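Asker: Chain B: place on chain A using the hints.
Protein sequences, first through last, are from chains A and B.
Residue numbering for the first sequence follows the numbering used here, starting at 1 and increasing by one per position.
Residue numbering for the second sequence follows the numbering used here, starting at 322 and increasing by one per position.
It is worth saying that the hints were derived from the structure and are not from the lab.
From a predicted model like this one, the values you see are computed outputs, not experimental measurements.
Cβ coordinates follow ideal geometry from the N, Cα and C atoms, glycine included.
Any given hint could be a false lead.
[What the hints assert, rightly or not] In silico DSS-like cross-links for lysine-lysine, where the CA-CA straight-line distance does not exceed 27 Å:
1) A/LYS139 - B/LYS583
2) A/LYS120 - A/LYS162
3) A/LYS79 - B/LYS582
4) A/LYS27 - A/LYS76
5) A/LYS76 - B/LYS583
6) A/LYS19 - B/LYS583
7) A/LYS303 - A/LYS233
[Said to hold, decoys possible] Just the calculated beta-carbon pair ranges, DEER-fashion:
8) A/GLY71 - B/THR589: 32 to 38 Å
9) B/LEU574 - A/PRO115: 27 to 33 Å
10) A/GLU279 - B/THR590: 44 to 50 Å
11) B/TRP516 - A/PHE16: 44 to 50 Å
12) A/PRO115 - B/TRP516: 55 to 61 Å
13) A/GLU248 - B/SER419: 53 to 59 Å
14) B/GLY374 - A/SER18: 56 to 62 Å
15) B/PRO452 - A/PRO115: 50 to 56 Å
These are the residues of each chain, in order.
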Amino acid sequence: MPGVYSIESRSLTRTFKSKGEVVEALKEVDLSVRQGELFGLLGPNGAGKTTLIKIFTTLLLPTSGYAKVAGHDVAKEVKQIRPIINMVTGGEHSGYGLLTVRENLWMFSQFYGIPGKVAKERIDSLIDRMRITHLADRKIRTLSTGERQRVNIIRAFMTGPKIVFLDEPTLGLDVETSRLIRRYVKEWLEQDGERTVLLTTHYMMEADELCDRIAIINDGEIVALGTPRELKKRIQDETAIGMEISPEIDLGWLDGTKGVMGYSAKEEGGMLSARVVMEDDSAVSDVLSGVTARGGRIISFYKDEPTLEDVFVKLTGRGLE
Amino acid sequence: MSLKSSMWLQYQIDANWTRPLVFVVYNILRPVGAALLLVAMFYVVTGGYMGGGSLAYLYVGNAFFMLIAQTLFFVGWVVHDDREHYQVLKYLYISPMSYFKYLIGRTAMRFLLSGFALMVLIVLGYLLRIPYRIDWLLLVAVFLVGWAFIVGAGLLLSGINMLTARHGGAVGEALAGIFYLLSGAIFPLSILPQWVRGFSLALPSTYWFSLVRRAVLGAESEEVMAQFTTLQVVLYPMAISMVLLGLSYLSFLGVDHLTRKKGMLDMTTTY
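Bound conformation, chain A alone (with noise of 0.2 Å):
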């Protein structure tokens, strides 16, 4: 497909309408990934990746701009795109509960077309890298969390597809598994050059760890993209710290403190785990004290390097989770 992107998008606008309200989904999204790129969507949830997502698997229609891919257009060439991609959602519970994982994948390689033998030797040898050959005769139903997620990597990667959505493939799912997958991912897409993959995701360590580039989506808006090496630049002479406080504290006031750009927090283990972004090393001792004043005790508190949230916490004022 030379000259042709992989996956485009251009003005592509999305709007639901509830209750009488319209939603505007996406707003005017331009998106251009190249073929052979492990391109991340990375944003909180409710930001629009699922919904791009859903436009680029031809789940759903644009309301107005246009989605391609492989140069087809989502909304009229369907029969040109679904044989070529793939896709895998995390934080679901899909499959026939009734069929065991190596009948499941069985039939869904039928849905495919592809031939009893050559889908045969796929499944054993995905099912064996996803390391669940004990679990291929067992029922669906029987299944775990992750073990499910194994299945649908299999799912999905074994119909031979070019380009493969991941939306949150690893949402929810135990530290082994999560590394199983992304590892399985990156050496896909290192297997065949033709090779693309779109992940959405609101893990910043899954982004920067996996993605040539990488968008920051927030209510619908692309707010950045870039290497992730270029979007931590962007925060370079910004100051990111990062503090446990205990008592959790509201740390509302941070958004009228002169010099302070964004912040998030999230708790953990009875503490609250917090990020600043500032303008500069100057406000540090604001947020310090304004914690302190506020009954907060700073149990640790270190000067970070920029990470993608602290990118996100300053396009946006808030954090990814």
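Answerer: The following block gives chain B in isolation, referenced to the frame of chain A:
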């Protein structure tokens, strides 16, 4: 291939929940129990008289109605099951196969499996001394026409169900109920009110049940339907079924566009 695989899938879903022996016993006991209940009611109502054409009419109509009921009932739920229970509709949809063809395959297997229960009831009928006079050629027509009609109606229903929440699956049951009541399955058209009779005569299933009685009992005993020739009761439902199949395909294309427009292919309505 998708047709064969979807038929296989339906067989697995129907049979895979238990051991083969239990599956066979269940599929014998279920229809037999329902049929015997009907026979018992007939026995009570007639004061113990088990002869005459009425029992044969009732028994055969009820047995063949199972093909309609079980298939339409099933079709009412298949889209919702794929979409919300198994959560695979989106994965089926983005595959190169035709989901329409897939539905035909699953409906066809459901029809075939219902045929197993029908066979059991036909055998039971011998024990109840139902006066069979089977015309094998017409019986083949019964299954061909019946399949075309049920699949046509079922696919039309599937299109509707793609646009509805889970409760929409009950439409299949309601439709089957209408056919039971108005098609002369067990209630002869002659006992229905005149204004209802006109509606009955517009239903392809009415002619199909008449075809069933001609094929299995040797003649049509119901006075309204006896006015039609055998050719008419073959051609009329066949023609309607072809129209239904065409309509269901066209509606499927429309529904396909609408579900993609509204984002309903992975909708969950678990309330």
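Asker: All hints are to be evaluated individually against the structure, with a verdict given for each.
Answerer: Okay, the hints, checked on the actual structure:
no.: 1; hint: A/LYS139 - B/LYS583; in the structure: 33 Å, violated
no.: 2; hint: A/LYS120 - A/LYS162; in the structure: 20 Å, holds
no.: 3; hint: A/LYS79 - B/LYS582; in the structure: 17 Å, holds
no.: 4; hint: A/LYS27 - A/LYS76; in the structure: 21 Å, holds
no.: 5; hint: A/LYS76 - B/LYS583; in the structure: 16 Å, holds
no.: 6; hint: A/LYS19 - B/LYS583; in the structure: 14 Å, holds
no.: 7; hint: A/LYS303 - A/LYS233; in the structure: 16 Å, holds
no.: 8; hint: A/GLY71 - B/THR589: 32 to 38 Å; in the structure: 33 Å, holds
no.: 9; hint: B/LEU574 - A/PRO115: 27 to 33 Å; in the structure: 30 Å, holds
no.: 10; hint: A/GLU279 - B/THR590: 44 to 50 Å; in the structure: 48 Å, holds
no.: 11; hint: B/TRP516 - A/PHE16: 44 to 50 Å; in the structure: 45 Å, holds
no.: 12; hint: A/PRO115 - B/TRP516: 55 to 61 Å; in the structure: 58 Å, holds
no.: 13; hint: A/GLU248 - B/SER419: 53 to 59 Å; in the structure: 55 Å, holds
no.: 14; hint: B/GLY374 - A/SER18: 56 to 62 Å; in the structure: 59 Å, holds
no.: 15; hint: B/PRO452 - A/PRO115: 50 to 56 Å; in the structure: 52 Å, holds
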